[in-house]
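Asker: Next come the chains, spelled out residue by residue.
There are 2 protein chains.
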Amino acid sequence: MAKIPDATITRIVHYLRALERMEKSGQTRTSSEELARETGVTAFQVRKDLAYFGSYGTRGVGYTVPVLRRELSQILGLGRRWRLAIVGMGRLGQALADFYAWQDGYELVGGFDIDSELIGKKVGPLVIEPVENLPRSVKEKQIDIGILTVPETAAQQTAEMLAEAGVRGILNFAPAVLKLPESVAVENADFMAGLSRLSFFMLNPSWREEMMG
Amino acid sequence: MAKIPDATITRIVHYLRALERMEKSGQTRTSSEELARETGVTAFQVRKDLAYFGSYGTRGVGYTVPVLRRELSQILGLGRRWRLAIVGMGRLGQALADFYAWQDGYELVGGFDIDSELIGKKVGPLVIEPVENLPRSVKEKQIDIGILTVPETAAQQTAEMLAEAGVRGILNFAPAVLKLPESVAVENADFMAGLSRLSFFMLNPSWREEMMG
Numbered sequence: 349m350a351k352i353p354d355a356t357i358t359r360i361v362h363y364l365r366a367l368e369r370m371e372k373s374g375q376t377r378t379s380s381e382e383l384a385r386e387t388g389v390t391a392f393q394v395r396k397d398l399a400y401f402g403s404y405g406t407r408g409v410g411y412t413v414p415v416l417r418r419e420l421s422q423i424l425g426l427g428r429r430w431r432l433a434i435v436g437m438g439r440l441g442q443a444l445a446d447f448y449a450w451q452d453g454y455e456l457v458g459g460f461d462i463d464s465e466l467i468g469k470k471v472g473p474l475v476i477e478p479v480e481n482l483p484r485s486v487k488e489k490q491i492d493i494g495i496l497t498v499p500e501t502a503a504q505q506t507a508e509m510l511a512e513a514g515v516r517g518i519l520n521f522a523p524a525v526l527k528l529p530e531s532v533a534v535e536n537a538d539f540m541a542g543l544s545r546l547s548f549f550m551l552n553p554s555w556r557e558e559m560m561g
Numbered sequence: 349m350a351k352i353p354d355a356t357i358t359r360i361v362h363y364l365r366a367l368e369r370m371e372k373s374g375q376t377r378t379s380s381e382e383l384a385r386e387t388g389v390t391a392f393q394v395r396k397d398l399a400y401f402g403s404y405g406t407r408g409v410g411y412t413v414p415v416l417r418r419e420l421s422q423i424l425g426l427g428r429r430w431r432l433a434i435v436g437m438g439r440l441g442q443a444l445a446d447f448y449a450w451q452d453g454y455e456l457v458g459g460f461d462i463d464s465e466l467i468g469k470k471v472g473p474l475v476i477e478p479v480e481n482l483p484r485s486v487k488e489k490q491i492d493i494g495i496l497t498v499p500e501t502a503a504q505q506t507a508e509m510l511a512e513a514g515v516r517g518i519l520n521f522a523p524a525v526l527k528l529p530e531s532v533a534v535e536n537a538d539f540m541a542g543l544s545r546l547s548f549f550m551l552n553p554s555w556r557e558e559m560m561g
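Going down the list, the protein sequences come from chains H and U. For the record, in the first sequence the residue sitting at position 62 is 410 according to the working numbering, with numbers rising by one throughout. For the record, in the second sequence the residue sitting at position 118 is 466 according to the working numbering, with numbers rising by one throughout.
One should not assume that every hint holds.
Note that the list lumps identical chains together, so a pair holds whenever it fits in one copy or between two copies.
[Unchecked claim] Simulated pairs of lysine-lysine, DSS-like, Cα-Cα distance not exceeding 25 Å:
#1 Lys396 x Lys487
#2 Lys469 x Lys489
#3 Lys527 x Lys396
#4 Lys489 x Lys470
#5 Lys396 x Lys469
#6 Lys396 x Lys470
#7 Lys396 x Lys351
#8 Lys469 x Lys372
#9 Lys489 x Lys396
#10 Lys527 x Lys372
#11 Lys527 x Lys351
#12 Lys351 x Lys469
#13 Lys487 x Lys470
#14 Lys351 x Lys487
#15 Lys487 x Lys527
#16 Lys469 x Lys487
#17 Lys527 x Lys470
#18 Lys470 x Lys351
#19 Lys487 x Lys372
Hints listed in this document are in silico derivations from the structure and should not be mistaken for laboratory results.
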């Protein structure tokens, strides 16, 4: 089966957002050129990315906005309702609990910590539970995705606990490279690494490679 | 000049963290094999990544932990003290203000918003200022990096304001693709896109490509 670069999926997210803006403003047709302009890539790149999933455009006619929007949304699995839990309810975890409680398509159903002073605290839609409850909660509440916001030293162990409990995806905010079975998808959302990359490219602007498909 | 893949810089951040852990525990020597194990890549990849910056290892002997740690830290520009401002002091901005106030190597010197109810509010080390102050503040406080946490609709315009004021790097949490002059480095820290990628790879695990150098 074809392998798809991470960068393609990131761009699919960007195309989808551009299509959502177009649909909201009543626009019904678009082109690879317009999608390219809106997302800062080339029209060739747009066509190449969409070709991974079958061709949706007609030469000289382009794309129907709501059709392509629906297709990309389905490809990304955004049609379903994912159930999330946050592990690590410190400052960042609490901020994210508040944030995710308001996002469409995601249902925040659990928040866990080891700090006894946090247990029982209400944050947004959650009451913080002890991390010992995690294995049972993942099963009972059918939690699909774990948001990992524990310190670096606890990251690997906590990720393994989530994987063993049956979570299939982890959004990892901890500054740690997780080693998990391939059956668990991991996305790094570690923005301190982003800040380090930023400082590198600020000091060495000419070293930057264009994002390739 | 050689172009360096983003993925290499991300791995340099991971190598650096592994080296910091080793140094803290008193370990003085390491190898590409050990760095590979610690960061989930191959030893070949480690050597290839480090080769971009000149060779630091000795065949059969490996690397001196504190030397390589210092070199990588310098490469990433982490030796200097960057001055940060957050634009968009809503929930996420306030959480990040609290977070960045405690990070080594970064000095949080400004927080801006358009909401008059937020102006003057104290958050961590900051007093929130009106966004009109931004151009003057960037110059007076010599702000290097802007953390962008405004809504999607305000992202492009606010990023341009930061660029015009003289900011050289933007860590972009807004769900928008910024179009800026090449002289401004941008890193996306948009974790909702990460969640979309996660849901794609949870539904299509066999489509995932290995991260390539």
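Asker: Can you list which hints this structure breaks, lowest number first?
Answerer: As far as the earlier hints go, 1, 5, 6, 8, 9, 12, 14, 17, 18 and 19 are violated by this structure, in ascending order.
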